[in-house]
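Protein sequence lines, in the order shown, are assigned to chains C and G. Residue numbers are given in full-length UniProt numbering: position 14 of the first sequence equals residue 14, and the series is strictly consecutive. Residue numbers are given in full-length UniProt numbering: position 278 of the second sequence equals residue 278, and the series is strictly consecutive.
Please keep in mind that the hints were generated in silico from the structure rather than gathered at the bench. Among the clues, some could well be false.
Computed list of lysine to aspartate or glutamate pairs in DMTMM-like fashion (alpha-carbon distance at most 20 Å, straight line) [what the hints assert, rightly or not]: (1) C:K181 <-> G:E346; (2) G:K88 <-> G:D76; (3) G:K263 <-> G:D283; (4) C:K164 <-> G:D20; (5) G:K19 <-> C:D74; (6) G:K275 <-> G:E259; (7) G:K323 <-> G:D309; (8) C:K122 <-> C:D134; (9) C:K50 <-> G:E415; (10) G:K269 <-> G:D309; (11) G:K162 <-> G:D274; (12) G:K251 <-> G:D274; (13) G:K257 <-> C:D74; (14) G:K56 <-> G:D20; (15) C:K49 <-> G:E415; (16) G:K414 <-> C:D34; (17) C:K164 <-> C:D134; (18) C:K50 <-> G:D55; (19) G:K164 <-> C:D134; (20) G:K45 <-> C:D45; (21) G:K190 <-> C:D74; (22) C:K164 <-> G:D16; (23) G:K380 <-> G:E346; (24) G:K358 <-> G:E415; (25) G:K162 <-> C:E159; (26) G:K88 <-> C:E145.
Model, not experiment: these values are computed from the prediction.
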Amino acid sequence: MEKFVKLIDTAIPLPTENIDTDQIIPARFLKSTDKNGFGDNVFRDWRYKKDGSINEDFVLNNTNYSGSILIAGDNFGCGSSREHAAWALAGYGFKVVISSFFADIFKGNALNNGILPIQVPKDFLAQLLKKVTDVPDTAIIIDLENQVLKTPIGNVDFEINSYKKLCLLNGYDDIDFLISKQNEIKAFEAKMV
Amino acid sequence: MGKTLFDKVWDAHVVDTIKDGPQILYIDKHLIHEVTSPQAFNELKERNIPIARPDKTVATADHNTPTVNQHLPIKDELSRNQLEQLTKNCEENNITLYGLGHRYNGIVHVMAPELGITQPGMTMVCGDSHTSTHGAFGTIAFGIGTSQVAQVFASQCLLLEKPKSLRVNVNGKLKNGVLPKDVILYIIAKLGTNSGTGYFCEYAGNVFEEMSMEGRMTVCNMSIEMGARGGMIAPDETTFEYVKGREFAPKGEELEKKETYWKTLKTDKNAVFDKEYSFDAEDIEPMVTYGTNPGMGIKISENIPLLNDASFEKSLQYMDFQKGASLINKPINYVFIGSCTNSRIEDFRVAANYVKGKQKAPNVHAWLVPGSQQVAKQIKQEGLQTIFEEAGFQLRQPGCSACLAMNDDKIPAKEYCVSTSNRNFEGRQGQGARTILASPLVAAATAIEGKIIDITKHLN
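Bound-form chain C, shown alone (with noise of 0.2 Å):
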């Protein structure tokens, strides 16, 4: 996994509340058995109407805005466990999606492919959203280290599992520290029944 220390970029604004992983990957694309091409699809039934011609009403067609970073409604990323939603994001680039909730798969899937959850109280995010919509080359600033999200509308500090950051400022994965814990679950195997 790539690392993930700071960045500064600017924003994709997508303010539909509940976008669940139907959305960002629908299920006729799930058929590959690599992680690759996902990127392509993102949210393609938004992206392109039932006749394959573009959508012009749909932010990723708009081309005032641009970036690695989206900042998205409540809820984002619920319903199915597909990890594909995840690797379709990094696939088109996204690194950080900024939101007021995320649904637990999801997070979960994004921190595993080095894409950055970052949950921002309703209040901010709404004005994050008018902000960015407004004045597409808003830069923001993601410091991982210290936590911080800064925007022109003020800083917010963010949480993440102190593992997890780890993780992603190292470029580590669960895999390597379930392994190097071998003999702990061995030992736990023989004492069950």
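With chain C's structure known, arrange chain G on it following the hints.
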């Protein structure tokens, strides 16, 4: 302070606790399927790590399988490849696979309980959010991402933070025509889609105590739709009776020993939950959803609420419904009875009981998709197949089917489908398709009438 059912099972599986960090939780059973496992197998292969406990892993093919002509080669190349990968991965790693056509094949959350793989007090995971289904047995069961599938492959463990506790109590007598599906749709409509996020839910009260195991599975299945990673119901005589005699259930002395332990898996009287809600059974009626998340549900006789909210309005626009409108008499062209929520024999019995001697409306395509080969066999043996076929319903072969429309079972754009599945997200059943979640009874009645009817009036 006393312990909850969840605490008891969780604590019994903690291998180690990392200071200021997560816990290492041991996993008793790992269920896998074709869609969320290939990348995990690849990961281990690339890193040259063997699968720690193939004997604790069971595979099935369900998400991406056809529900007609399963004996023929799969036409879609990508789907075929995904299934071939699963077979190859299982063969190379000595993992039991109930592939397409196997007599035990079926939707992962239907297959494992009916084979006795699911047992009380276990920890179970699967790369599928509806793994919460198995909580019906007093099991800690939850969905995981593919990175976690790889972690379980590598170590038979997961690194997790212990979730908070939530209890939902429902007491009283359920009205005629109110099924377990209505109970859970009611709870989600009351609590919303993220009230359970960060929590593990226990369902308690006489309504769940009196429910069959299949009903309990329907309830626990949809825990994730209110954001909870899982839902549990304390194991009791109903549970033990269900498990007993199943293919992989413990037998003889081992069963007696296990039962003694299972009986201890009840929440202590003095245990405290982080959140608790209580509802009266009498207030629950047959439910339908009108929007694009499972929290957007109403009693079938109620009208769509009047809310001023952008996401709510976007949802209604997608569904082509109006605020304040009733769903009664809404013409429906598609009905789907299936999915890991409602594809067990009791679901088909309820539907058949209503359908018997009637004809489906000519405008309706009524698809019945059993949850497993065993359910399909029961449908035939009990004579339900004849009832359905005489009524003009189409009985297909087992699989996830139109619940997520990964295979060819898709609902056309702009069409409504009254569906017994678990998610009414935009495009879930096909691009542009509009899903109305309901119980198998409401679905069967819709198929007969060709429109949504107030089932409560028909029954009374």
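Check the hint pairing C:K164 with G:D20 against an upper bound of 20 Å on the C-alpha distance.
11 Å, holds
Holds or violated: G:K358 with G:E415, Cα cutoff 20 Å?
24 Å, violated
Holds or violated: are the alpha carbons of C:K49 and G:E415 at most 20 Å from each other?
Holds, at about 17 Å.
Would you check the hint for G:K380 and G:E346, treating anything up to 20 Å between C-alpha atoms as holding?
Holds, at about 13 Å.
Is the straight-line distance between the alpha-carbon of G:K190 and that of C:D74 20 Å or less?
18 Å, holds
Has the given pair, G:K269 with G:D309, been kept, meaning a C-alpha gap of at most 20 Å?
42 Å, violated
Pairwise hint evaluation, G:D309 against G:K323, where the allowed Cα distance is 20 Å at most
11 Å, holds
Given the hint that G:K45 pairs with C:D45, does the C-alpha gap stay at or below 20 Å?
Violated - the C-alpha atoms of C:D45 and G:K45 are around 34 Å apart, more than 20 Å.
Given pair status - C:E159, G:K162, alpha carbons within 20 Å:
17 Å, holds
Decide if the proposed pair is consistent with the structure: G:K88 and G:D76, CA atoms, cutoff 20 Å inclusive.
With a Cα-Cα distance of about 18 Å, the restraint between G:K88 and G:D76 holds, given a limit of 20 Å.
For the pair supplied as a hint, G:K414 and C:D34, confirm whether the alpha-carbon distance does not exceed 20 Å.
The given pair, whose Cα atoms are some 32 Å apart, is violated under the 20 Å limit.
Holds or violated: G:K257 with C:D74, Cα cutoff 20 Å?
Distance of about 47 Å is beyond 20 Å: violated.
When each numbered hint is compared with the structure, violations occur for hints 1, 3, 5, 6, 10, 12, 13, 14, 16, 17, 18, 19, 20, 24, 26.
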